[in-house]
Amino acid sequence: MEQASTLNRHIATPLSTSVPTGKLGVWWFLASEVTVFGGLIACYILTRLGSTGWKEAAAHLSLVFPLLNTLVLLTSSMTMVMAHAAVEAKDSHRLRTFLMVTVLLGVGFLLLKAMEYSREMAQGFFPHTGLFWAFYYGMTGLHALHVLGGVIVNLILLLTVPTATETQQRRVEFAGLYWHFVDIVWIFLFPLLYLT
Amino acid sequence: MSDMVVAKVADVTPHVYEELGFWRKYVFSTDHKVIAKQYLALGLLWAIAGGLMAYMMRWQLAWPETPVLLFRWIPEPFMYDGYMGPEFYNALVTLHGTIMVFFVAMPVLLAAFGNFLIPLMVGARDMAFPRLNMLSVWVFALASLVLFVSFFVPGGAAAAGWTGYPPLSARAEYTGVEWGLNLWLIALALEFASFLMGGINFLTTVINLRAPGLSMFRLPLFVWMQIVAAVLFMLSVGPLIAGAVMLLMDRLLGTTFYLPAGGGDPLLWQHLFWFFGHPEVYVILLPGLGIVLEIIAVFSRKPIFAYRSIIYATIVAGILSFIVWAHHQFISGIDPRLAMPFSITTILISVPFAFVVFAMIATLWKGAIQFTTPMLFALGTLANFILGGVTGIFNGSAPLDIYIHDTYFVVAHFHYTLFSVTVLGGFAGLYYWFPKMFGRMLHDTLGKVHFWLTIIFFNSAFIPMHLVGVGGMMRRIANPLQYEFLQPLQPLNVWITVSVIMLLIAQIPFVVNCVWSLVAGVRAEQNPWRANTLEWSAPSPPPHGNFAAVPVVYRGPYEYSLPGSAQDWLPQDYEVLTQAAARS
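Top line first, the protein sequences correspond to chains Z and U. First residue of the first sequence: 5, per this note's numbering; consecutive thereafter. First residue of the second sequence: -15, per this note's numbering; consecutive thereafter.
In case anyone wonders, no lab produced these hints; they're calculated from the structure. A quick note: this is a predicted structure, and the numbers were derived from the prediction, not measured. Idealized CB from N, CA, C, for every residue including glycine. Incorrect hints may appear among the rest.
[What the hints assert, rightly or not] Footprint (simulated), chain Z over chain U, 3 or more residues, beta carbon under 8 Å:
hint, segment
1, 220 to 226
2, 249 to 259
3, 511 to 522
[Unchecked claim] Computed beta-carbon distance windows for the label pairs:
hint, chain 1, residue 1, chain 2, residue 2, range
4, Z, V23, U, I318, 39 to 45 Å
5, U, V11, Z, M82, 43 to 49 Å
6, U, G317, Z, L199, 28 to 34 Å
Please work from the sequences and hints to get the whole structure.
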């Protein structure tokens, strides 16, 4: 597989723009992701404007978990940047360390989210309890799936390419773009769901 | 494939492709041309299924409650010795639309033609991400499998219309369909994922892998249409993916996003569906228009009229397509004050498309027109698309739409646009690029027979359908004879059905032509149509890696009949030393 892909690469022809093709691909992918969450957030805002009783429902949410999770996710974005800095400095030891910390923080986010879900369900709040809860579970659930995806990507990076080659440098950068995107989505979800 | 030694300006590294085994070459291939053919094969298989569904529906509408001719073999839960119940009719309505839009038009026009032509036309050896490309076709195959399986689960296939409007679609007990509709949603989600991967590949390939000298404004219009379509798809499908997640939650977790009883709103789905659905119309339409533009230039032996303006018009139409969606909802209970702005944008969007149509006609004007089979299909597309576009202006006007909404007038309208551009345009593309794809020419006379039969019976089927619609016949009813006021229209319904049957029979020459030409057709030269674009600078069919040497581009794609030139075409990669000919 690896050999064939080397053969298929367009080594012979220079690129038409100065942007690496992989980066272009990631940006287009993120553009489509923006519309997924943008659509969902727009639905949430519009439905909320047309409904009553959501403030009371939202008051049942605990603030401890999301605050902690915001901290965890923001820190993980920072460690991802440090992983990228490490790979640019060709320091594979630090790269490994920071990727590992990023993965662990991602897993921590998911664990906290799971604890939060189980707390809410123990109190009797399920997706079918009401429209607020449907949006709450739908939006945070879809976001959590994206976090899981990012954790898997970072884990693959950590396990497959331990050296700080140029390809690896790019991959860390692209994975970082995605990871920051997931972070930004959370920055929108947190106030929309918990603080309004 | 064979060894290729490269020795041209831009290409310094020798490019060697290993000889692959059967599986890697034809099944798990990363070659964009093989992937294109895989999409084409799947799309054409689904086209047969969708066409036969149309036949079964039309039979039921012409001769309700009679056994469908030749379809008595369909077993019990679906049909009873050839008789179909209204539930099965609902499933047919739903799946005919879903299949034709998402499993025929998309894979054939976007994926098959786009995959085959984009790397060739931009002078690349393959897509930017060949393995992602393979993944996209296999995800599409998985989507196909899921959709196929959905027919055979208890409760049958989805039956809530191809638009899947809730509340009908939001609870299993409303249609009696449990897993059929869930699988339908999953199949669509997989399909969207597949086309997102494809779209990313198309965009990155065009942005970054263009041959030296091939600036954006030297790209063939087909490539422009494909990338605009890819952007439209990527930016419109997201909200529907979110909406589909919500619909699936309504069905599986008991939420009430779309159910008024629980505070939800069925209109929300309509907004999400059509926010995607209307750009989607252009996602299908633009590649078809691109095919027609390429063919018209070649067989008029003239440069495309207003090349740049066509690109600008397409971009304008693309932007406008995001603010027309509510014209599907004039009678759905949206705020009536919204009807006027959406009427205006809808009628406005006909301006850029009218521009493209006029540019096509101006290209034909005083050209040395060659009526080959691809040209006939291209002209047929143009003529019928105009008819569909004109009725589109009727439908876009809210005061009129209120009366014709959900009637067969609308059905006739969108078949005129979609059938013309996807089926006729698709055939035009197949007849035109078949030599490049398979290295053999299609038989011209057989092709012309196919064209005339198709165009005659298509119009014979769908012109009367406007009348049936104006007469008040509603979409999606299984038995028009139940309504007294529709009974006088029944002879027209029988006429339409007979025409549809003839239209399906008219496709036999095409099947025969394909099979016969693949085996015994005349071998195609490298450039049989004397065309300029880069795919004709590669062998027919192109080997893995496409070009012996990556071409260098000197000019735009439509330099036909240049004054002072010895031949009436000038390929993009020919280096011409005389100043007069090297215009651009």
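Broken hints, by number: 3
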